[in-house]
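Asker: Two independent chains are provided; combine them into the complex using the hints.
If you're matching them up, the sequences are chains G and U in order. For reference, each letter of the first sequence is one residue, going 5 to 550 in the working numbering. For reference, each letter of the second sequence is one residue, going 18 to 395 in the working numbering.
Bear in mind the hints are in silico, worked out from the structure with no lab data behind them. On a predicted model such as this, the values are computed, not experimentally measured, just so you know. The C-beta atom is built at its ideal place from N, Cα and C for all residues, glycine as well. Heads up, some of the hints might be wrong.
As the list claims (entries may be wrong) - Below, a list of computed lysine-lysine pairs in the DSS-like style, where the Cα atoms sit at most 25 Å apart: (1) G:LYS249 / U:LYS125; (2) U:LYS280 / U:LYS378; (3) U:LYS378 / U:LYS67; (4) G:LYS514 / G:LYS46; (5) U:LYS286 / G:LYS249; (6) U:LYS113 / G:LYS360; (7) U:LYS327 / G:LYS514; (8) U:LYS280 / G:LYS514; (9) U:LYS328 / G:LYS514; (10) U:LYS294 / U:LYS264; (11) G:LYS334 / G:LYS360; (12) G:LYS249 / U:LYS328.
Said to hold, decoys possible - Here are some chain U residues the structure puts well away from chain G; computed CB gaps all over 10 Å: (13) ARG93; (14) GLN97; (15) ALA108; (16) LEU175; (17) ALA228; (18) GLY238; (19) ALA270; (20) PRO288; (21) THR298.
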Amino acid sequence: MVSVRSVYTQPSSLTFSDLPWIIQHREDRCTLCGQCTAVCPKQAIYLTYRRQRMPKLDILQKKRGNEYRHFVGIRQHTAIDKMCIGCGMCSSVCPNEAIGPVPNSNEHRSRFHMDEKGDAWKRGGRRNVPGKTILDRIAFDRISMLTDPALDAGRHEFSLNTILGRVLPPEEFLRRQLAGEWIPPTREIFPFVIGSMSFGALSPNMWLGLLQGVAYCNEVLGIPVVMATGEGGCPPWVLRSPFLKYIILQIASGYFGWDEIIRAIPEMQCDPAAIEIKYGQGAKPGDGGLLMWFKVSKLIARLRGVPEGVDLPSPPVHQTLYSIEESVMKMIQTMSMAFGFRVPVYPKISGSTSAKSVLNNLVRNPYAGALLIDGIDGGTGAAYNVSMDATGHPIASNLRECYLELVAQGRQNEIPLFAAGGVGKNGNVTQNGMALIMLGASGVHVGKYIMQACAGCLGNEMGRCNVCNTGICPKGITSQNPKLYRRLDPDDVAQRVADVFSSIRIEMKKIMAPLGRSQSLPIGMSDALGIDDADAAERLGIKYIC
Amino acid sequence: MCRLALKTADIPFSPYEVLTGMEAMQEGYDGSGLGLLLRGVSFADFNYKKEEHLILSGIAHSEAAFQRLHKHMEERGFEQEYDHQFKVNSALIEAKDRYQYIVRVYKKPQGLSVAELEDRLMQARLFLRKDGEQHGGDLTVFSFWSDVIMIKEVGWPLEIGDALGLNDDRIKARVVMAQGRQNTNYGINLYACHPFFIQGIATMTNGENTAFVPIKEWLEGKRIPGYMGYQSDSEVFAHILHYVTKKLNLPLACYKHVITPLKTEELNKHPQGEFLKGLRTACRRLIIDGPNAVIGTLPDESCLLVMDQKKMRPATVGGRPGAWAIASEMCGVEALIPDRDPSLDFQPMREHTVIIPPDRKELLIWSQFDPFTLSQAA
Ligand code: SF4
Ligand code: SF4
Chain G
5 MVSVRSVYTQ PSSLTFSDLP WIIQHREDRC TLCGQCTAVC PKQAIYLTYR
55 RQRMPKLDIL QKKRGNEYRH FVGIRQHTAI DKMCIGCGMC SSVCPNEAIG
105 PVPNSNEHRS RFHMDEKGDA WKRGGRRNVP GKTILDRIAF DRISMLTDPA
155 LDAGRHEFSL NTILGRVLPP EEFLRRQLAG EWIPPTREIF PFVIGSMSFG
205 ALSPNMWLGL LQGVAYCNEV LGIPVVMATG EGGCPPWVLR SPFLKYIILQ
255 IASGYFGWDE IIRAIPEMQC DPAAIEIKYG QGAKPGDGGL LMWFKVSKLI
305 ARLRGVPEGV DLPSPPVHQT LYSIEESVMK MIQTMSMAFG FRVPVYPKIS
355 GSTSAKSVLN NLVRNPYAGA LLIDGIDGGT GAAYNVSMDA TGHPIASNLR
405 ECYLELVAQG RQNEIPLFAA GGVGKNGNVT QNGMALIMLG ASGVHVGKYI
455 MQACAGCLGN EMGRCNVCNT GICPKGITSQ NPKLYRRLDP DDVAQRVADV
505 FSSIRIEMKK IMAPLGRSQS LPIGMSDALG IDDADAAERL GIKYIC
Chain U
18 MCRLALKTAD IPFSPYEVLT GMEAMQEGYD GSGLGLLLRG VSFADFNYKK
68 EEHLILSGIA HSEAAFQRLH KHMEERGFEQ EYDHQFKVNS ALIEAKDRYQ
118 YIVRVYKKPQ GLSVAELEDR LMQARLFLRK DGEQHGGDLT VFSFWSDVIM
168 IKEVGWPLEI GDALGLNDDR IKARVVMAQG RQNTNYGINL YACHPFFIQG
218 IATMTNGENT AFVPIKEWLE GKRIPGYMGY QSDSEVFAHI LHYVTKKLNL
268 PLACYKHVIT PLKTEELNKH PQGEFLKGLR TACRRLIIDG PNAVIGTLPD
318 ESCLLVMDQK KMRPATVGGR PGAWAIASEM CGVEALIPDR DPSLDFQPMR
368 EHTVIIPPDR KELLIWSQFD PFTLSQAA
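Same shape as in the complex, but just chain U (with noise of 0.2 Å):
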């Protein structure tokens, strides 16, 4: 079982303190890997705007990489603004192929619709991905977007945390997901850490998807780009919330519809269950399965949480208005938000979703029992 961390707040913070928070979950890792994913970024070094500029994450493991890198984003017109160099202390980096931890800020393209612009980034990190991929794995791509910042390395997360230097306060950010790997069933590789990231939305799970197999050749044959890949089962949730709302169009509730429908029995009392019967017929494939906790993050920084249809996972959500946090555990959310009230705490049952908004005042909790609003369908 892997552990998960997320905080939202409206001040800035270092991600360092998602690591600390996460130390206090530490049974539940065992230094296979971390993944860290960041939005609404800023730098000390940098006055970075969400409107201009874009993010490449990943890493380049030989000079050669980083060379090519540099000529592909250049042949494809992203024109370089900073770089972000980490004070990397190698020694606590358990692999030795590291060149170069990138984190590198581009200058927006003008003149593009937002879909346009959209699979434009898309294209481009996939490229990249392929070309890494095509010599030797020796490039790892994790996002291109703008304000989102993706890390992942094997390792126990506090001593990545500080073999990059990320206490420092040089780069914050005002949502940070974090997980502490359990490696399952799958080799250690670093696309196979979660989060998993594609055109903005990025998830990240803890537990098994038993109904990867399905899911994953139904995703591959709607031939989408981007939807590739599928080093870890719980990839194919990103995929999947990628897909109800930017290809179906449909309301973020939708997605808990989608991925864990309710019974027939439930539906034929549901306001809106015809319809739903219908969307759970269309979307069958796209039913997961086993003991799952799913945590998400959408561009306008609003954050989610579902819950598989037995509930067979932990997670808590706690905060105050300002500052929230989900975890795996109760005393994740005790080192995230110390200074909230903890009989507020909701741990969210088979039927919830709970939307921390952007705005970050109060939770939604909203249950798969009641109506939602659906202009396009109902």
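Just chain G, same shape as in the assembly (with noise of 0.2 Å):
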């Protein structure tokens, strides 16, 4: 018997069943071949030695004994560090599926100790709040029925881009028509963009599938779909590319890449799609972008102009001498003039009460083009787990209250609101960015959805991977890990980016249709809008169904 008091606890001493995610390793199958091991990315499991007692009875002698036996076996690690993340790689490579994480319905005693070394949680990722979220319970109600005769989803032809960029009223339009002046710059593009995912947060391969996809979207397709870079620039090939005109570029507090654009400018061959200068994110509001050590290669310290290996925080605003507003107003009219007033220039903002005042100062200014708004459920490359979880605001009411300020002021049309955090994170796209679209966007921003979708990421609400921050992206998608990247083949993500917006186009129409909406995307048709709870619908002003 051996002594309770001489076992070794720690305080933050584990066991696997306090873990989120306990492995499942079926010894009857496994061969020992490793290829679990070595593909884990958290080094989370383990070869090992045990011992096992062989029960012996001797019937003839009438006497009970034992044997033993030793074999190899995997073991999971209860180390916060080596932590199993649920991403299931092993199992994809087992021969045998001898092996898998099986989420644990128990409380995560894990959950108590993640600050390890006196840092809170840091992670990529997204909201760990699984569900259905608002968006998804929204139903489109208003069918046609009396007096039409029906779209044909599939042989009418819809009209489904939308505009990016500032409207003039039709009134000053035409003055400024005959008058010969300045009329903003706009864009019509396909109302689901690529959201903010720079090049540093996802690998080369990443980007290049994802690029090779807007433009095949783009030429063959006939959809005008655009993809945003996040901060840290773009590469300079691509800045020299007429690619460049399905970019949009960012340009956050942390200024990252911004030499090399700048550079390239006299070199350009199109314009760019659009500048979005990034005030915030809805994953992190207050927080700025964060690039981790483990991922700054010499390629991104090449692209951003510093060295290898440091972490590349951001600062979580603008520097400024005076305040938000005036900072908002100064680098709006600088970006629209380094290109020439031929680039529409937005700002990025978090979900947030304070989204309105936003608003209303970008409504005074006549050089801003749009106003895109990023709710909580919005993902990110890398930040600290209470940000993520508990900061910002849900982009559905923040979204309508924003559009309904402008109906209010009779400007809906002037500065288009585009809206993101969230959409498609259960994987409803098309219906998530419809019904933020008949609440008064624009146009919505995707990223998750588009990793999941594009790319296969791993990761879920459940807290299943979100290890983008870490490099260690098992798909390649978030690794400057050449190892790990050539894992993803850019030419099967530019496949899927193809299908994914092909496929968006046609439940676009197949939600259209019986809305008998073919004319122009129903921005602000909240008619068509119900939801089976009346506060919810209450608070967006749309129809209480059940």
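Answerer: Structure follows, in structure tokens:
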């Protein structure tokens, strides 16, 4: 008998049942090939020798006894830094279906120990709040049944595009047209935009795949998809290529990558789709961008103009002498000027109760080309868990509030609102996006869904994977390690981008046809929406249905 | 689906003719309402002159409302010249709260500019409408303009014609628009009957405007007096026509470019493509949707017909020099102008705007793909 007092335990000693994911290993199937342990991004599993007691009963001699057998088995680490993240790579490589993670439905003791070494829990991914979102619950219920010959989603023509850029009131447009004055630039784009994910957060293969897919959508499928870069610039060859017109360049508070961009301006073959000035992000409001040192490879260091292997935190706000309003105004103007007033420039802010004030500010700024609001369900490459889970504002009511503010001022056509943050969180990307459009968005930005659908990202809202910050992305999506990112074939990603946007296009028609809409994107068509929650219905100004 | 009929002729005719013409298309309406708009008006009992007189049309539902109307008009300095008394057979009218059908002629006030007068007339109409609404809806005012009479009532078109004695030839007109209503998504309300009227401009529509709410919200946001009401999803067609021609001062051809703009690929080839793309963007919230045939008339007695972008609604125009008809169905045109060459009837396609100019000599068929004269902006 071993004395209990001699068992060594620390405050952070955990056992496998304390962890969010428990590895189930079937010895009878395992051939000890070692592939699972090799692939595991966290080194969460290891091969180890074990001893097993074999009870022995000698009937003739009426004696009981034991024999012992030694065997090699796979076990799970319980240290926090080696905790299984449930990515499932082990099961995907196992030839015998002998191993795999199972979510632990018990409490997660490990949660209390994620702050080892005094730093709070940082991770990548999304808000870990699973379940249906408000957007998922919205139904399109105004079906034209009485007088219409119905629209045919398969055969009729549909205008699905949206406008990005400042739109003048008709009177002012005609006046300037007549006077030969400047008319703000606009772009006709597909309303589902690939949201900002930086070159740095994403691996080179992922980025290339996305860009290839976007170019294919534009040039072959006739779907004018654009993608945003996120902070950190854009590969020099892209800046000087004709593909730049499909790209929204982001400038954020660290100004990373802009030396390279400014240098490229004289050599650009075309203008970028737009410039996005990041003031905030839904996943981590009030926090600047963060590229952790693991991911600052040689290429990234060059693009961003920094040394290799250092953490790159951007400040929470743009450096300004006086106020955010002032800096918004100045930056929008400066950026417009840098591109000869030919490129729409708009800010991106995090969903917040103060979004309306920002909007009112922009309404008065004649150069502001749009407003992008990113809600609490937005994703990120790296942030503190507390920012992701508990800071921010859900997008639906925030967007609606802002749209109704514009309606009250009669300016809903002038500043297009774009919404982001959780679009397609549960896979319903078109439904979520169209719900936001009918609540008043001119379009939506989609990030995580694109990673999941086009590159097979494994992350989910139950804490699965979400290690995008540390450069160990098992799918090679958010890693700068060539050993990992060569797992991802850019051609495959491009193919999936084309698949995804083709099917979004079909689903948009399937939503619009029964509503009798085909001539223009049904922006603000709130009469078509219903939700099975009376309070949400009231807040959003749509119907309560049950 | 509603049924529409319009007749325009050099020689004034009785509105009853149009009601009989509508009988031919009877299966298309359900007796939920009739709307009539008359232009180029003449009365048997009064020598009406467009330049000197204004006409107020509406319904007083009680004596008190009738008295108030009288008082308000006097207070606003409008001098009554003639009060048309319909010979009403109330047994044929479904509604039982019609105290008096109003078609009153007033003297046109002098010394005002055109814009001032137009504004004053609209203000007076809106005031009366609001006054009615504040008194439990006991006063309904359809139009106050020179040379326009409007009648709206619930029931079957021909029966309403009989009930008001419209076949007695005491009122005639050169242009008559009529709609037999098929009640769709909004309750039966007199203001919801087509045609819709604002400052001399009138439209009626056959179909459903599925983009109604965003368009309505945008028009209301313009805070232009008169852009209100919206009891029907089709009312916005009249207001957009008003906005395009009177507020933006664009040629009539631009109406089509605003409500059903061409696609980008088509505009890339259009001689005025760049301008039209800009116009489309600026007026994006005015793009209509759903199946619609819009018939409109303007103060100079020109008539127009435009189709939705997919031409999902039928409409035919036919006639001869001096008399033309537009109707939802060919049989409607046949009933209105039998003495024409039916082989010349025209059914506009998605890109067409058909205009019958005031001289009524021939049809103008204008295609959206053709350039137009845009003195101002091109
Ligand atoms: S699920 Fe992923 S993290 Fe967990 S053991 Fe398997 S490979 Fe490692
Ligand atoms: S698969 Fe890669 S991108 Fe997806 S959650 Fe895991 S680490 Fe992040």
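Asker: Confirm or reject each hint.
Answerer: Checked hints:
Using a Cα cut-off of 25 Å, the hinted pair LYS249 of chain G and LYS125 of chain U is violated, with the two alpha carbons roughly 60 Å apart. Straight-line distance between C-alpha atoms of LYS280 of chain U and LYS378 of chain U comes to about 33 Å, which puts the hinted pair past the 25 Å bound. Between the alpha carbons of LYS378 of chain U and LYS67 of chain U the distance comes to roughly 22 Å, so the proposed pair stays at or under 25 Å and holds. Straight-line distance between C-alpha atoms of LYS514 of chain G and LYS46 of chain G comes to about 43 Å, which puts the hinted pair past the 25 Å bound.
A C-alpha spacing of about 22 Å is found between LYS286 of chain U and LYS249 of chain G, which places the hinted pair at or below 25 Å, so the restraint holds. As the CA atoms of LYS113 of chain U and LYS360 of chain G are separated by approximately 51 Å, the hinted pair breaks the 25 Å bound. Distance restraint check for LYS327 of chain U and LYS514 of chain G: the Cα-Cα separation of roughly 17 Å lies within the 25 Å cut-off, and the hinted pair is therefore satisfied. Distance check on the hinted pair: LYS280 of chain U and LYS514 of chain G sit about 20 Å apart at the alpha-carbon level, within 25 Å; holds.
Taking the CA atoms of LYS328 of chain U and LYS514 of chain G, the gap is about 20 Å. The hint holds against a cut of 25 Å. A C-alpha spacing of about 19 Å is found between LYS294 of chain U and LYS264 of chain U, which places the hinted pair at or below 25 Å, so the restraint holds. Taken as a hint, the LYS334 of chain G and LYS360 of chain G pair is honoured in the structure, with Cα atoms around 20 Å apart against an allowance of 25 Å. In summary, the hint linking LYS249 of chain G to LYS328 of chain U is not supported, as the alpha carbons are separated by about 35 Å, beyond the 25 Å threshold.
With a closest Cβ-Cβ approach of about 29 Å to chain G, ARG93 of chain U is found to remain outside the 10 Å limit, as its non-interface label requires. Consistency note on GLN97 of chain U: stated as away from chain G, and its beta-carbon is indeed over 10 Å from all of that chain's, at 38 Å minimum. The beta carbon of ALA108 of chain U sits about 31 Å from the closest Cβ of chain G, which is more than 10 Å, so the claim that it is off the interface holds. The claim that LEU175 of chain U lies off the interface holds: its Cβ sits roughly 23 Å from the closest Cβ of chain G, which is beyond the 10 Å cut-off.
Against chain G, the non-interface label of ALA228 of chain U is violated: not every CB pair exceeds 10 Å, the least being about 7 Å. Distance to chain G contradicts GLY238 of chain U as a non-interface residue, since its nearest Cβ pair spans about 3 Å, not more than 10 Å. Once the 10 Å rule is applied to beta carbons, ALA270 of chain U is consistent with being away from chain G; the minimum gap is 15 Å. Chain G leaves PRO288 of chain U outside its interface by the beta-carbon criterion, the shortest separation being 16 Å against a cut-off of 10 Å.
Distance check on THR298 of chain U: its Cβ comes as close as 5 Å (rounded) to a Cβ of chain G, failing to clear the 10 Å threshold; non-interface status is violated.
When the structure is compared with the earlier hints, violations turn up for hints 1, 2, 4, 6, 12, 17, 18 and 21 and for no others.
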